[in-house]
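Add chain B to chain A, keeping to what the hints say.
First to last, the sequence lines map onto chains A and B.
The numbering used here puts the first sequence at residues 130 to 520.
The numbering used here puts the second sequence at residues 130 to 520.
There's no promise every hint is true.
Which copy is meant is left open, because identical chains are indistinguishable; a pair holds if it fits in one copy or across any two.
As the list claims (entries may be wrong) - Here are the computed lysine-lysine pairs in the DSS-like style, where the Cα-Cα straight-line distance is at most 30 Å: (1) Lys133 to Lys391; (2) Lys335 to Lys133; (3) Lys133 to Lys318; (4) Lys388 to Lys275; (5) Lys515 to Lys391.
For the record, the hints were derived by calculation from the structure and aren't laboratory data.
Note that this is a predicted model, so its numbers are computed, not measured.
There are 2 protein chains.
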Amino acid sequence: MDIKILFDLAILIFAAKALGLLARRIGAPQVVGEILAGLIVGPSVINLIQVNDAIEVFAEIGVIMLMFAAGLGTDLKQLKSSGFKAFLVALIGVLVPLAGGFALYGIFYGFAAPPSKEFYTALFMGTIITATSVSITVAALSEMGKLSTQVGTTIVGAAVIDDVIGIIVLTCVIGGCGGEGNVGLVLLKIVLFFLIAFVIGFVIYKAMEWLDARHPHTQRIPIYSLAFCLAMAYVAQRYFEIADITGAYCAGIALCTLKDTKYVEKRIDISSYMLFGPIFFACIGLKTDLSGLTLSILGFSICFIITALVTKVIGCGLAAKICGYDMTDSLRIGAGMMTRGEVALIVAQKGLSAGVLDSTYFPAVILLIIVSSVITPVVLKLLFSKGKQAV
Amino acid sequence: MDIKILFDLAILIFAAKALGLLARRIGAPQVVGEILAGLIVGPSVINLIQVNDAIEVFAEIGVIMLMFAAGLGTDLKQLKSSGFKAFLVALIGVLVPLAGGFALYGIFYGFAAPPSKEFYTALFMGTIITATSVSITVAALSEMGKLSTQVGTTIVGAAVIDDVIGIIVLTCVIGGCGGEGNVGLVLLKIVLFFLIAFVIGFVIYKAMEWLDARHPHTQRIPIYSLAFCLAMAYVAQRYFEIADITGAYCAGIALCTLKDTKYVEKRIDISSYMLFGPIFFACIGLKTDLSGLTLSILGFSICFIITALVTKVIGCGLAAKICGYDMTDSLRIGAGMMTRGEVALIVAQKGLSAGVLDSTYFPAVILLIIVSSVITPVVLKLLFSKGKQAV
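The following block holds chain A by itself, in its conformation from the complex (with noise of 0.2 Å):
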């Protein structure tokens, strides 16, 4: 191994910690400074540090960790019982978004049929902008003491819910584009993931039950359940071509309602907020492409942006409408959603590996983060202040 090894990781994890907390300070999502920190020390600045495989290791366990600790997180009793209304508000914000993505890249640079490789480029701009950020949305509600109303309610589900969907939409489009396009046995083999995923989740959730009531609070506890989570993370990129992060959310699931479920996640979130988290960030802005940003990808980067806030936002809404809600509460639950987060970037960060993302695009997903994290709250305050009063 190459020692210089250490003094990236160290240079990283610093440079990322201090320009979050800086982000932090003036607002931003921490997550916002930690790209542009990698986007400092990487090639596009002062190229002090450059990605290699290494790294990229780490970055791939940071993003497992990531979506395996939200898989931990997930209130399953929640998802229930805010129920259809939730799901219909999801699947449709999920469904406005993919197409607005898909029909903006295609008035820019043109349609294409599938299989070929800009048939998915397109279909990618779309998935990104399909999931809401939960921790954001969450955030901006409980400053604003609505977490607990319906409308609150019905926005957090939804906002869990779409990880989902966005997850199962990322597998097909991820699929589509990695096999020979044989949609068919794209989604046999995500069925079978699942439905394999269910039976070993449940006997594995089963044995860390035993375990975790003849030992509880012990480091087993985590240690088997990290093991079980990159297990499945490779089970699902390996045998069933789905992305490694569905096998670690899918992970988490199965074990959000162990007893020591809090144990785990606490010590999954203290490993990953230590290093692999940050380098996962930071790794995006190493990667990203500063040098590709013509004029022309801003002005696409603006509409892009555009899109996503409107498409999530009229979905959502419609959706709600659908549900019975009045013009407020839908225009609420729809501005709601507009959050976009890590998933935005996992997301891209996939497209890139598969080969039908380019990376001079990464700036607009950035931007995307920056500008929906700070108009969401605002916008949220604005809608709750006037008007009725929520319940």
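Only chain B this time, still in chain A's reference frame:
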């Protein structure tokens, strides 16, 4: 990156933890089980996993974290108060085994003069058996309730100091066999490194103390600490040809009196035991070459273990006698210092990387850890139960 790394890591951490627990159940140290796990899944037995660059990076960060944690856990006050007696016990307790290991190799395979490889191999044999395992010693004494007796304090103090002396010896030996054999230059580099480490350590300590006062118990404290540790490890190896673990250990000592040291230590500990630590020990098993275990090497191993145990008792016992302890207490101190642990493996590992030690000698080191860890508590119990009461 190759996705198989996820599989490798999953298997390694699961097997290491499972066999580690099994080892503990039958009264052996956990690390023994972790090493066996690597041995079993590696080329020696079922050949499921082979060492690769990514695993080596994880293993290296694992040992860096272990040594950083050891540095953080150092009790500077205890070290100062037990003072001269502990220092003398440590010093003679390092020199006698060093000479013993060197002589043993010479007797078996012939003596050689520097700068031949054989000379340094012999020196490494001695270096491996210099450092007492603090953790096992403390556990044994505390189990018997003898930790705070004068004999206990001297043993623990000496065990801590002998880690430092052991690392200096290791640094000299690695420097000697790595460079052109110019011992003067090596010593100059060592002195220069410790001087610079002292200055940088002081500056970083002051900066961290300031940060800690303003933002206690925040993520930035452990993250910046880890970045400092990695940077020190890199600087040591890259610019001073000093082992990276020495740099990590110094970084730990520099930060061992922060208000939040326990907070940092806890997070390093979790990061370590969740992934990096088990992989370090399992990696030793992966690299252990059982095919080379001939009768001749087995014979050498037995003599090696006897040498390691006897030289420690003689060295430390003699020093204790010089310091004014009577025969019984001198024997107790000598016996208490017999345990070897992680550091012996770390040194062996360093010898392998430096190209002067063959992996065929790994079984001897592993056997030494097992035997000494099992024998020491038994002997101590015997020596403390007979004769006068310890005070």
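For each hint, the structure was consulted:
1. Lys133 to Lys391: The answer is between: 29 Å across copies meets 30 Å, while 36 Å in one copy does not.
2. Lys335 to Lys133: Intra 43 Å, inter 27 Å, cutoff 30 Å: inter-copy only.
3. Lys133 to Lys318: between (41 Å within a copy, 20 Å between copies)
4. Lys388 to Lys275: So lysine 388 and lysine 275 pass the 30 Å test inside one copy only (29 Å; across, 38 Å).
5. Lys515 to Lys391: Neither. Shortest intra-copy (38 Å) and inter-copy (49 Å) distances fail the 30 Å Cα cut-off.
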